[in-house]
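Residue strings, one per chain:
Number of protein chains: 2
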Amino acid sequence: MDFRKRFIVEPGSKFKLADFNPADKGQHENHQAAAAEIARHADVLARLQYKLYAEGKRSLLIVLQGLDASGKDGVIRHVMTGTNPQGVNVTCFKQPTHEELAHDFLWRAHHHTPGCGEIMIFNRSHYEDVLVVRVHNIVPRSVWSLRYERIREFEKLLVQAGTQVIKFYLHIKPEEQLNRFKERLDDPHRNWKIRESDYIERKYWPAYIEAMEEAIRETTTKHAPWFIIPSNHKWFRDLVISSILVNKLEEMQLQIPKPAVDLKAIRLRYHSAKIEQDHNAILEVKRT
Amino acid sequence: MDFRKRFIVEPGSKFKLADFNPADKGQHENHQAAAAEIARHADVLARLQYKLYAEGKRSLLIVLQGLDASGKDGVIRHVMTGTNPQGVNVTCFKQPTHEELAHDFLWRAHHHTPGCGEIMIFNRSHYEDVLVVRVHNIVPRSVWSLRYERIREFEKLLVQAGTQVIKFYLHIKPEEQLNRFKERLDDPHRNWKIRESDYIERKYWPAYIEAMEEAIRETTTKHAPWFIIPSNHKWFRDLVISSILVNKLEEMQLQIPKPAVDLKAIRLRYHSAKIEQDHNAILEVKRT
Chain Z
1 MDFRKRFIVE PGSKFKLADF NPADKGQHEN HQAAAAEIAR HADVLARLQY KLYAEGKRSL
61 LIVLQGLDAS GKDGVIRHVM TGTNPQGVNV TCFKQPTHEE LAHDFLWRAH HHTPGCGEIM
121 IFNRSHYEDV LVVRVHNIVP RSVWSLRYER IREFEKLLVQ AGTQVIKFYL HIKPEEQLNR
181 FKERLDDPHR NWKIRESDYI ERKYWPAYIE AMEEAIRETT TKHAPWFIIP SNHKWFRDLV
241 ISSILVNKLE EMQLQIPKPA VDLKAIRLRY HSAKIEQDHN AILEVKRT
Chain H
1 MDFRKRFIVE PGSKFKLADF NPADKGQHEN HQAAAAEIAR HADVLARLQY KLYAEGKRSL
61 LIVLQGLDAS GKDGVIRHVM TGTNPQGVNV TCFKQPTHEE LAHDFLWRAH HHTPGCGEIM
121 IFNRSHYEDV LVVRVHNIVP RSVWSLRYER IREFEKLLVQ AGTQVIKFYL HIKPEEQLNR
181 FKERLDDPHR NWKIRESDYI ERKYWPAYIE AMEEAIRETT TKHAPWFIIP SNHKWFRDLV
241 ISSILVNKLE EMQLQIPKPA VDLKAIRLRY HSAKIEQDHN AILEVKRT
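For the protein sequence lines, the chains are Z and H, in the order given. The opening position of the first sequence corresponds to residue 1 in my numbering, with each subsequent residue numbered one higher. The opening position of the second sequence corresponds to residue 1 in my numbering, with each subsequent residue numbered one higher.
So here's chain Z without its partners, still in its complex pose:
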């Protein structure tokens, strides 16, 4: 099915996160029922990524936003692992550096946008500058409230240069976040990640939701839409995102370029019997 229609936030709509159910799992009973489909999407994605790379004219920027433990890392690991690391990159937006803070808020994002033929994943993104920055009053409203228009314009610049922009908000319930924190406590491979500040940050949950809702309403556009991904079920999250990415890349009608040379001529010139001599000549030189 086409998940795009179901989970897109239409520009101009009266969008509320509460209208989307984080525990949605579509027509599927459980992971087993969706696993084959997710695997098929991964194969198709790997093929389409090769075409994007071969074509070398356009690119794809994937923005992942979501609260802590909503599954941003998981999407990267599960949905993108089958792709070729040569054409897929990830930028994690952490605390900005001094140099980054010395520039406008889009400077660091701009530096990391994908080149022709590439896929770039933003794990968090320039949207942090209207989220955490707003929730914690790092800059005043008079500053962050101007940023929505700047973001829309920035993304338009990218789109006009051939970069497709697609934005996913990973939607979980606060109880699910707490469950996942608990799982980390019980898992010796992951309990090094636990910081008490993650728990403390939970009290800002409603403020984050409010900031996210406004950001999404203000920046969902025809050329760079937001999708709300139900993410309580990790497998459903992966199914929806991989499906939307496949649809997006298929829609681009990527074309492997025509050969730049006359294949027949090359065949005659370099792959005829005469070529044996060429070889032998090379090897002769090597032996001396």
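Hints are computed from structural coordinates only; laboratory data are not their basis. The beta carbon of each residue, even a glycine, is placed where N, CA and C say it ideally should be. Just to be clear, a hint being listed does not mean it is correct.
[As the list claims (entries may be wrong)] Across the chosen pairs, the derived CB separations fall in these ranges: (1) Z:Gly26 with H:Asp43: 27 to 37 Å; (2) Z:Lys173 with H:Asp43: 32 to 42 Å; (3) H:Glu149 with Z:Ala265: 40 to 50 Å; (4) H:Glu99 with Z:Ala102: 41 to 51 Å; (5) H:Leu157 with Z:Gln253: 40 to 50 Å.
Using the hints, position chain H against chain Z.
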């Protein structure tokens, strides 16, 4: 088996590429016989990469060199595809830009070295500045001949900062290169890559071999060794490289960090029955 001993170039040895057989396939008959081992290495690599990332103190730089069609892209696709794109990056060294040319020859390489917890693959590398540059007389001998020492020092700098450096030369016969060019001609998914210049470049084969041999002799060190990878058989190449990488990462005895918090205290404070109230409070605010 430990392929490291077999394919390493020892510092100070009278190394010749001719001493290594590009068609070597070890104890294995064919791909089928090695496939399970390669798959096992891929799993282990994915686990070790997670540990490297979790530890966050050291990093790994993999240098891939080899003539056209020797399989650099193939190694990246086959050996590294199972890893998490978040921790593995690839830098392709193409024609240097004006800005890069305006700096010393190690400037662009330095910019792309891996950060703590990361794996970086150099697809071609700073070694091009003693290879193509020498073969085509782009700079005089008086310039490139000083570079070996600079490279050794540069790699020592990285190693002392916690970056493991490992260098692979993909060794093929000239006939095998021609076979692979022919396969590209016959494959509509790949024939867009063919350029006549690749054929013309073949006449420099002996010059490249000579330059490579000297580069390897001059820069194989205890801390940043070169390995000669027999690459006529793609599967054997993948087997050897994945095996050497697994050995290398295992030797590092990577440790997932201990939790930074008191797990018991966190459990009591946030995961006891009382937490239900906390939840409800959050949800209550959301509903208003």
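Check each numbered hint against the structure and report the violated ones by number, ascending. 4
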